[in-house]
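Protein chains in written order, with this note's numbering: chain A, 1 to 484; chain B, 1 to 526.
Hints listed in this document are in silico derivations from the structure and should not be mistaken for laboratory results. There may be inaccurate statements among the hints.
Here are the simulated distance ranges between beta carbons [to be verified]:
{"id": "1", "chain 1": "A", "residue 1": "286", "chain 2": "B", "residue 2": "195", "range": "39 to 47 Å"}
{"id": "2", "chain 1": "A", "residue 1": "465", "chain 2": "B", "residue 2": "45", "range": "25 to 33 Å"}
{"id": "3", "chain 1": "B", "residue 1": "110", "chain 2": "A", "residue 2": "21", "range": "51 to 59 Å"}
{"id": "4", "chain 1": "B", "residue 1": "202", "chain 2": "A", "residue 2": "465", "range": "21 to 29 Å"}
{"id": "5", "chain 1": "A", "residue 1": "350", "chain 2": "B", "residue 2": "24", "range": "32 to 40 Å"}
{"id": "6", "chain 1": "B", "residue 1": "194", "chain 2": "A", "residue 2": "177", "range": "49 to 57 Å"}
{"id": "7", "chain 1": "B", "residue 1": "107", "chain 2": "A", "residue 2": "289", "range": "55 to 63 Å"}
{"id": "8", "chain 1": "B", "residue 1": "8", "chain 2": "A", "residue 2": "458", "range": "13 to 21 Å"}
Source: prediction; values computed, not measured. Virtual Cβ for every residue (Gly too), placed ideally from N, Cα, C.
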Amino acid sequence: MTTADFTALLPYLVLTGAVLAVLLAITIFRSHRLAAGLTLAGLALALTALPIAASAAPRAVTPLIAVDGFTLFFVGLLLCAALASAGLAYGYLERRRIQREEFYLLLLTATLGGCVLPASAHFASLFLSLELLTVSLYGMIAYLRTEPLGVEAGIKYLILAAVSSAFLLFGAALIYADRGTLALGRILLPETATAGPPQPAMLAAGLAMVLVGIGFKLAIVPFHMWIPDIYQGAPAPVAAFMATVSKGAVFALLMRIFSLYDLRSVAGVYAGLAAIAVLSMFAGNWLALLQTNVKRMLAYSSIAHFGYLMVALLAAGASSVTAGALYLAAYFTAILAAFGAVGAIPSAAGEAQDLEAYRGLFRRRPGTAFILTAALVSLIGIPLTAGFIGKAYLLLAGLGSAVWLLAVVLIVTSAIGLYYYLRVILAMAQPPGAEDKSEQRAAPESRLGSLVLAALALGILWLGLYPAPVLDLIQRTAGGVLVF
Amino acid sequence: MILYFLVLWLVLGAFLAWWVGRSRPDLARWISLFFLAVQTAVLVGVWIGYSGIRTPAPEGRWWLEISRPWIPQLGAEFHFGLDGLSLLLCLLTSLLGMFSVGSSWKGIREQVGFFHFNILWVLAALTGIFLALDLLLFYFFWELILIPLYLLIGIWGHENRSYAALKFFIFTQAGGLFLLLATVGLYLVHGDGTGIFTFNYMQLIGTAMPASTAFALMLGFGLAFAVKLPVVPIHTWLPDAHAEAPTAGSVILAGLVLKAGAYGFLRFLIPLFPEAAKTAAPVAMALGVIGILYGALLAFAQTDLKRMIAYTSVSHMGFVLLGAFVGNTFALQGAVVIILSHGLSTGALFIMAGALQDRLHTRDLKKMGGLWSVMPRMGGFGLFFALASLGLPGLGNFVGELLVLLGTYSISPAAAVFATLGFITAMVYSLWMVQRVFAGAYAGTGKPPDLDPREFILFAAQALALIGLGFYPQPVLDTVLPALSDIRLESGVNQPQTTASNRSAAAGIDPERVGDSISAGWEERR
Numbered sequence: 001m002t003t004a005d006f007t008a009l010l011p012y013l014v015l016t017g018a019v020l021a022v023l024l025a026i027t028i029f030r031s032h033r034l035a036a037g038l039t040l041a042g043l044a045l046a047l048t049a050l051p052i053a054a055s056a057a058p059r060a061v062t063p064l065i066a067v068d069g070f071t072l073f074f075v076g077l078l079l080c081a082a083l084a085s086a087g088l089a090y091g092y093l094e095r096r097r098i099q100r101e102e103f104y105l106l107l108l109t110a111t112l113g114g115c116v117l118p119a120s121a122h123f124a125s126l127f128l129s130l131e132l133l134t135v136s137l138y139g140m141i142a143y144l145r146t147e148p149l150g151v152e153a154g155i156k157y158l159i160l161a162a163v164s165s166a167f168l169l170f171g172a173a174l175i176y177a178d179r180g181t182l183a184l185g186r187i188l189l190p191e192t193a194t195a196g197p198p199q200p201a202m203l204a205a206g207l208a209m210v211l212v213g214i215g216f217k218l219a220i221v222p223f224h225m226w227i228p229d230i231y232q233g234a235p236a237p238v239a240a241f242m243a244t245v246s247k248g249a250v251f252a253l254l255m256r257i258f259s260l261y262d263l264r265s266v267a268g269v270y271a272g273l274a275a276i277a278v279l280s281m282f283a284g285n286w287l288a289l290l291q292t293n294v295k296r297m298l299a300y301s302s303i304a305h306f307g308y309l310m311v312a313l314l315a316a317g318a319s320s321v322t323a324g325a326l327y328l329a330a331y332f333t334a335i336l337a338a339f340g341a342v343g344a345i346p347s348a349a350g351e352a353q354d355l356e357a358y359r360g361l362f363r364r365r366p367g368t369a370f371i372l373t374a375a376l377v378s379l380i381g382i383p384l385t386a387g388f389i390g391k392a393y394l395l396l397a398g399l400g401s402a403v404w405l406l407a408v409v410l411i412v413t414s415a416i417g418l419y420y421y422l423r424v425i426l427a428m429a430q431p432p433g434a435e436d437k438s439e440q441r442a443a444p445e446s447r448l449g450s451l452v453l454a455a456l457a458l459g460i461l462w463l464g465l466y467p468a469p470v471l472d473l474i475q476r477t478a479g480g481v482l483v484f
Numbered sequence: 001m002i003l004y005f006l007v008l009w010l011v012l013g014a015f016l017a018w019w020v021g022r023s024r025p026d027l028a029r030w031i032s033l034f035f036l037a038v039q040t041a042v043l044v045g046v047w048i049g050y051s052g053i054r055t056p057a058p059e060g061r062w063w064l065e066i067s068r069p070w071i072p073q074l075g076a077e078f079h080f081g082l083d084g085l086s087l088l089l090c091l092l093t094s095l096l097g098m099f100s101v102g103s104s105w106k107g108i109r110e111q112v113g114f115f116h117f118n119i120l121w122v123l124a125a126l127t128g129i130f131l132a133l134d135l136l137l138f139y140f141f142w143e144l145i146l147i148p149l150y151l152l153i154g155i156w157g158h159e160n161r162s163y164a165a166l167k168f169f170i171f172t173q174a175g176g177l178f179l180l181l182a183t184v185g186l187y188l189v190h191g192d193g194t195g196i197f198t199f200n201y202m203q204l205i206g207t208a209m210p211a212s213t214a215f216a217l218m219l220g221f222g223l224a225f226a227v228k229l230p231v232v233p234i235h236t237w238l239p240d241a242h243a244e245a246p247t248a249g250s251v252i253l254a255g256l257v258l259k260a261g262a263y264g265f266l267r268f269l270i271p272l273f274p275e276a277a278k279t280a281a282p283v284a285m286a287l288g289v290i291g292i293l294y295g296a297l298l299a300f301a302q303t304d305l306k307r308m309i310a311y312t313s314v315s316h317m318g319f320v321l322l323g324a325f326v327g328n329t330f331a332l333q334g335a336v337v338i339i340l341s342h343g344l345s346t347g348a349l350f351i352m353a354g355a356l357q358d359r360l361h362t363r364d365l366k367k368m369g370g371l372w373s374v375m376p377r378m379g380g381f382g383l384f385f386a387l388a389s390l391g392l393p394g395l396g397n398f399v400g401e402l403l404v405l406l407g408t409y410s411i412s413p414a415a416a417v418f419a420t421l422g423f424i425t426a427m428v429y430s431l432w433m434v435q436r437v438f439a440g441a442y443a444g445t446g447k448p449p450d451l452d453p454r455e456f457i458l459f460a461a462q463a464l465a466l467i468g469l470g471f472y473p474q475p476v477l478d479t480v481l482p483a484l485s486d487i488r489l490e491s492g493v494n495q496p497q498t499t500a501s502n503r504s505a506a507a508g509i510d511p512e513r514v515g516d517s518i519s520a521g522w523e524e525r526r
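Just chain A, with the same shape it has in the complex:
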């Protein structure tokens, strides 16, 4: 290891340091404010370390980790999402009388795992980072131990994630048996092969199993069954974290793999992924249509959004990575704001999940209602919000490489999706129901949570109105060449 290696790894080192700092702080002096403050400071410090790491990039640090523009962009995005989740979680936990400090430990380790994923150059680092992320998530989902739904969600996620990890591991083993290497950059190169005769069937089976493992994490159809229960049961900030950091990191990894190999030209892979994309777009939107629980609705809609993102994946060319990164950024801001607002709305039932709880929100809490509206409008993809620019870029990438069918499906399913987002907006605009009077004297909004929400709303509008600087950043970093 040289100095340059350490420089390239600086954001990870800072994150690891933050984990230790929070751990020590809890043992010495238990304070919610201190733990949250250290976490936020650690994440922010890791963000500021990115430009320093960029000076050493692109660089392959050991055969396991590749630090390049692509990695750094996504690490930055994930850190921002983690920062927002932590801020939202602070406001959320502040209102609850439990041991709150350990939550931030889990959040930091999960973020660390998520940040290593886009940099993974080897199945070993892939698996380790994925498990670090997943195991931390078990704890985060079931963090409110007195909520039966939360504990149920945690157990469900534990079992399903363990199964999907098993698939991933077995797939990796099969690939290794055929190709003799676990380096992501070499497994599909023709000259890589073991001493024995190559066995295409074994390789195909291995790749398919890896895809199953990744598909579980992304919750794309047909691996989507778990997502509504988990999102419903998990605390809102954790759901926000899962929708962004967990899914985004895995998707970034997928984009890296796709920019390494021209998998689109392989007929079977292309047809299979296109089918998954179309099914995800349709099923996600359709199932979301049937929900009256806002968190379940957002869960199903996230299936659809990752279906949209698959369009960027399947579109060839330079605009593909740009479109994917931009859409992911737009989705991050919108879904964080949406879950953040859901978590910030006080309700007798702990969290405002049912559509009825949103009646009259424009009058009770105009600020929160405005932010939630902005988030939902962005998820629809209407101008002035980030979602519009993201969707326009997706279409551009899709049509640019002539995946007409996918582009048209994207359009049609987006139109279906309008209905359920609008229903929430209209419910907020209706006059308040009778039982709302009692809730009005519920706990005040947390200042930090409000600040994060306001920042997210500004981000949505800024990305929607003037995306040029962000696009420039994406093209300078993520759009650049990859190293392995």
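Using the hints, position chain B against chain A.
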């Protein structure tokens, strides 16, 4: 800078009205009115300054043009341009904006500030639509009107508002997504062909592409515009939305949002895809004629006053579609005049329907009757606007519809004959409406108040504008003429140029002037 000002001024007004309206609702109304009045004054100033009335018209295609980078990576710009067509539509926007603020002065009591925020927001976006010369920017504004209109219908609407708001939104958004698809498609075709990736309207005009591609892209644009206009098979959102919207919402929908669809046909679809539009012209003209007759027929069958007025819009917009695709100067100028006069006359009818509903608490025609005896002023204006709507000579609608028919006759006599039937049906439904509302014996109880001064001023202003447009349309015709030069499909559909000229000559018009300037021909005829 004036062009940016026109949009930003209204946005500023929107936020101010919301902010102030939280504590002082009435001040929000005055603020909205003030911002719209200033906007109108600026537009009139621009009209006088640039249209050649006082000074020679400026050189070049646009009176005013401005551009700033927006998304340089895509070649999208904040690119605005103003010519005669844009100016008239912007003026109509601010005028009808004032009328809709005035019409809701007493009717809106809930969340007044937020109401005016939504109104001004829609008007700002509409102004942006009429000014944008960058296709992505156009789409940006095109979609921006949806959410506030959705809220206007959904919050302040009548009984069945949620359904109507949702239907409106889904129809227009589905159309809008196809517009986005086609815009991106055109962008890529142009970029692949020339290496210049841009959304600039002026550069995209004349993009070379295979006929089939052009036709597919045109369909994408056409679908979005046809939903808004609306064209008959996809008009079903309109009666629901118009009937359930609050008065101001109905005025904006009928007077302006439908016009955005018409503007889309005139400004974008035909100039961008002239050949494909020519291919589609027979179908479009047929749909226009069907819309004229079908809208009139359904209007006749309604018992809900606002639904009835909504269906007359379908009928009138049929004339606009016909005029746009006939595509000679007569028809195009006629279409523009209809756009303006229909905005004024239908806006007035919706305000009247709202005033009646405030007094009688019903929109059901069967429960009305004999109102002339209790509200003579309201009856007089009602008759006036009904006459305007049926195309009485001397009022704006007559000029527009006559011009469209004149233009159509030289291309397709059959279409002209069937469209003329629309005059008769319009007479039937308009007079039928007056009879059912105002004539007969008054059966109700109590004496609903007649027009108050506020309402009187509103109606008088619109009546004066219609009379002006009917007696002296020349300034309007001159103003739009240069803007129409890009749009003309010239000889139109299946008739060769000579035939058209011959027919014009037979009608006593100098064929040299037909494609050139309506003004000379118009003077002669008078």
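Comparing the hints with the structure gives:
1. One distance hint, 39 to 47 Å for the beta-carbon pair residue 286(A) and residue 195(B), holds here, with the actual separation near 41 Å.
2. Distance hint check: the CB atoms of residue 465(A) and residue 45(B) are about 29 Å apart, consistent with the given range 25 to 33 Å.
3. Range check, residue 110(B) to residue 21(A): Cβ separation about 52 Å, and the 51 to 59 Å hint holds.
4. One distance hint, 21 to 29 Å for the beta-carbon pair residue 202(B) and residue 465(A), holds here, with the actual separation near 24 Å.
5. Look at residue 350(A) against residue 24(B): about 38 Å separates their beta carbons, and that is inside 32 to 40 Å.
6. Taken as a hint, the range 49 to 57 Å holds for the pair residue 194(B) and residue 177(A), whose Cβ atoms sit roughly 52 Å apart.
7. A C-beta distance of roughly 35 Å is found between residue 107(B) and residue 289(A), which places it outside the suggested range of 55 to 63 Å.
8. Restraint check, residue 8(B) to residue 458(A): a C-beta distance of roughly 19 Å satisfies the suggested window 13 to 21 Å.
Hint check: a violation occurs at hint 7 only; the rest are consistent with the structure.
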